[in-house]
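S.K.: We have chain A; now place chain B onto it with these hints.
From first to last, the protein sequence lines are chains A and B.
Just so we're aligned, residue 1 is where the first sequence starts under our numbering, counting upward by one.
Just so we're aligned, residue 1001 is where the second sequence starts under our numbering, counting upward by one.
FYI, nobody ran anything at the bench for these hints, they're computed from the structure.
Treat the hints with caution; some may be incorrect.
Stated by the list, open to error - Each computed SDA-like pair below joins lysine to any residue, with the alpha-carbon atoms no more than 20 Å apart:
1) B/LYS1152 / A/LYS252
2) A/LYS124 / B/CYS1037
3) A/LYS252 / B/PHE1033
4) A/LYS252 / A/GLY86
5) A/LYS31 / B/PHE1033
6) A/LYS124 / B/THR1067
7) A/LYS124 / B/PHE1033
8) A/LYS31 / B/PHE1064
Said to hold, decoys possible - Simulated restraints on C-beta separations:
9) B/ILE1042 / A/SER266: 37 to 47 Å
10) A/ARG312 / B/GLU1242: 30 to 40 Å
11) B/LEU1082 / A/GLY95: 28 to 38 Å
12) A/SER266 / B/ARG1120: 39 to 49 Å
13) A/GLU217 / B/TYR1078: 52 to 62 Å
14) B/LEU1183 / A/ARG313: 42 to 52 Å
15) A/SER266 / B/CYS1037: 18 to 28 Å
16) A/SER266 / B/GLN1239: 21 to 31 Å
17) B/PHE1284 / A/LEU306: 11 to 21 Å
18) A/MET41 / B/LEU1183: 15 to 25 Å
All C-beta atoms in this analysis are idealised placements derived from N, C-alpha and C, irrespective of residue type, glycine included.
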Amino acid sequence: MAVVSTQLPAQRRSPGLVARLVGAKSPLETKQALWGYVFLMPWLLGLTIFLVGPILISAYLSFTEYDVLSSPQFIGLANYARAFTGDKQFWPSLGRTLYYSIVVVPVGLIGSLALAMLLNQGIKGTNIFRTLYFLPHLTPAVALAVLWVWIFHPSLGPVNTMLGWIGIDGPGWLTSKQWALPALIIITIWAGVGGNTMLIFLAGLQGVPKELLEAAEIDGAGAWARFRNVTLPMISPTMLFNLILGIIGALKVFTLAFVATNGGPSYATWFYALHIYNQAFHYFRMGYGAALAWIFVVVLMAFTYLQLHLSRRWVYYAGESD
Amino acid sequence: MATQSNALRGLNRAQSTGRSRRAPFRGRDVALFVLACVLSVIFLFPFFWTVMSSLKSVQELNTFPPTWIPQDPQWVNYPKVLQRVPFLRWTYNSLLVVFLATLGTVLSASIVAYSFARFRYRGRDLIFMITLGTMMLPAQVTLIPQYVLFHKLGMVNTLYPLWLPAWFGGGAFAIFLIRQFILSLPRELDEAALIDGAGYFMIFWRILLPLCKPVLATITVITFIAVWNDFANPLIYLQLPEKFTLAVGLNYFKNFPEMGGEPTQHLLMAASVMMTAPIIALFFATQRYFVQGIVLSGIKG
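Just chain B, same shape as in the assembly:
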């Protein structure tokens, strides 16, 4: 934990000061700054191109050589997406899955982490090692039997398989992160509450959980983004268009470019922008927690 917090402090310091802490060698700094700008252009260009394409008409999208800026921006492409495919329905499905999966992860992972961090019982360390081991397990091994399971339960073509598993512990990563956080909280808090007559669940709910807000925020953001972007699971479980999440909906849309006799590539670009924009906005709003979680996960505790 000491290494973690030191590295985090270091990271935050580098972010906040921003300025050079080395000898005043301006030429080198200018060169690096220019390099950083060039790289930014490379990273941003595909986004620029997508947004520009989403504002073109079909004709303009298919002219050679391609235009860089749409001559007559077609803002109408965006509302057209909503008419052409059940985009709002897919958004609703995505949001529902994200909400339930995130809530399940946060609640169940934190109570399991509480158990790992504060209780002593036979088998605890073994189970914890197994938990960490599952992070190395590729999803492919469990994919087929899980599908069979949900098929037997009659849940194929429903949204259940996409969020239900999150309520059973929320996965090794979330458990690990919260456990580390609880370990850093003073035990005296629990003991004082215990002496005052609080039960173990009360200690968890009233004392530890509120203190865990920073790490829970991290997990909320990471889970939100992972579930919103997930493609493989919805692809396997959902076959009816009205059940689709945005990810599979977008792919479905892509495979029918001539829907209703009219080409729809420009609308597809608009739909991509609409799917990506919220996640970028969320990232900007919650960057701190997101970065923290990733950094914490990568450092030996």
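Chain A extracted, bound-state conformation:
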């Protein structure tokens, strides 16, 4: 009895400082909360050391001139001014990257959706086809670039050989100023269309209620009408997810261009991420590179915001009332 009488008041006591700090109401909750922080610790450290810290440092560096060896010199907005006015490759590399993304993202999305719909028809060997379409996406980007250099070889590659059969004199592809960018677009689509995007669409398609499709069919809706009025609205959240990931992925294009063309010929495939890399790690202009990276973040965020904003008009969430 004595134990009970001493413990009850203790539990009723207003929470101590630590308890209030961690948002707990009882000693047990306090203990629990403290353990929560202990287990969170690796990530708190990781966030600080590898994300938040670098973000702050990167913001600071973007106002400095810094070559890693000597200490950073504060130069105000000079890096940004230089990007917008003094850097001959800034606007072209940004434009090229946008051009690449504007082709790759929609074609990739439509292609992935088409593949997913094909795989959703229940034809024989679906499992095998899905795996085969996925293989390019698994290939290391560096190996991919190496092999496509040979496939697009102007005279010894199979692409131009096959074009020759139908009487077309194929271009120099990766060695041609005019065709290098389209060639990289073709490679990207080949490698990406059957990848994650397709799998996510496939899962989205599986989530479309069959009763709805059947009801539409009974009402006399044709295949296109069913797709347009049932399937498409039901998978619109998946579409948005894939769209945003697609844009972020496309704008970051780096390895393929670095290995296959190194930005050439004569800057034809000099993408924005390549520009950042070269400024920072080739010329060791870390401050300038950081400024370029920040401009990139603003562009990315603008795109993401725009998509999320526009999506209100076309994304349908099943739970919402209409």
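M.R.: Coordinates of chain B only, in the frame set by chain A:
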């Protein structure tokens, strides 16, 4: 979670049944099957070409018009790669980085996920939102300051920068996936163990972690493939050939086609095959987990 599991079940059903569940309209199915086969050829052709090229001699690789099947397959190209470049060394480096990065991701992400899923404390939801937000953050912003950090630590030209960060939570994606999984496990398990006198770490290690095997397998496979294929990070941190991972090694090899006076394009193709083959084999062996993880990540929870 309900949507997720429904969609997954649906996906698995479509995979396992394979056959048409619609009206018996054979012509349409045959047409679709043929279309699927044609697409397979388009997706597989570059691999076919690479393997064929890797078996040609330099002379045959440079003949016009190109041959489709090597007349005299040069299997010796493969062992030659090992003589020409430190391929085994690069493989060892890649495997070491992959092993340490994957282990770090699985261990640290699961303990952090445990914290998010099972404990209540001030700031938890805010930190979780920030965690999800980091998935949108492009690597470019943190690349330069991280390089500066590792430079100050004297770790440039070592393998540390490639796996050390994975031990600090393993990234938002892994944490998110495991958290979702733990949330689906009954809380009564923890409570029963707690009453039996187990500590929180013991509950995590002995009870939750073994139950998390499926999601941990998913994360292992995804991390393995991502780290094996990573190019940008090793490119920035590694300059000495003996420190290279396969990805940068392959690029280095590509830039010196005339190494030692003899052209090496055919060997480069063989090296590409050797780098790609293990990842394809791994994928075939672990497809289920891989697909599951990607599908889960794409659906609203």
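S.K.: All hints, please: hold or fail.
M.R.: Hints and how they fare:
Distance hint between B/LYS1152 and A/LYS252 is unfulfilled; the C-alpha atoms sit about 27 Å from each other, more than 20 Å. Between A/LYS124 and B/CYS1037, the direct Cα distance comes to roughly 11 Å. Compliance with the 20 Å bound is thereby established for this hinted pair. Simply put, A/LYS252 and B/PHE1033 have alpha-carbon atoms about 36 Å apart, too far for the 20 Å limit, and the pair is violated. A distance of roughly 23 Å separates the Cα atoms of A/LYS252 and A/GLY86; the hinted pair therefore is violated under the 20 Å criterion.
Of the pairs offered as hints, the one joining A/LYS31 and B/PHE1033 is violated, with about 61 Å between alpha carbons and a cut-off of 20 Å exceeded. For the given pair, A/LYS124 sits about 34 Å from B/THR1067 by alpha-carbon distance, which is inconsistent with the 20 Å threshold. Distance restraint check for A/LYS124 and B/PHE1033: the Cα-Cα separation of roughly 7 Å lies within the 20 Å cut-off, and the hinted pair is therefore satisfied. Between A/LYS31 and B/PHE1064 the CA atoms are separated by roughly 76 Å; this puts the pair beyond 20 Å, and the hint is violated.
As the Cβ distance of B/ILE1042 to A/SER266 is approximately 31 Å, the hint placing it in 37 to 47 Å is violated. Checked against the hint of 30 to 40 Å, the pair A/ARG312 and B/GLU1242 fails, with Cβ atoms roughly 55 Å apart. Between B/LEU1082 and A/GLY95 the C-beta distance comes to about 44 Å, which lies outside the given range of 28 to 38 Å. A beta carbon spacing of about 60 Å between A/SER266 and B/ARG1120 contradicts the range 39 to 49 Å that was offered as a hint.
For the hinted restraint 52 to 62 Å between A/GLU217 and B/TYR1078, the CB-CB distance of approximately 55 Å keeps it satisfied. Checked against the hint of 42 to 52 Å, the pair B/LEU1183 and A/ARG313 fails, with Cβ atoms roughly 32 Å apart. Under the hint 18 to 28 Å, the C-beta atoms of A/SER266 and B/CYS1037, about 41 Å apart, miss the expected range. Hint check: A/SER266 to B/GLN1239, Cβ distance near 27 Å, so the stated range 21 to 31 Å holds.
Here the CB-CB span from B/PHE1284 to A/LEU306 is close to 40 Å, at odds with the stated 11 to 21 Å. Range check, A/MET41 to B/LEU1183: Cβ separation about 21 Å, and the 15 to 25 Å hint holds.
In summary, the numbered hints that this structure violates are 1, 3, 4, 5, 6, 8, 9, 10, 11, 12, 14, 15, 17.
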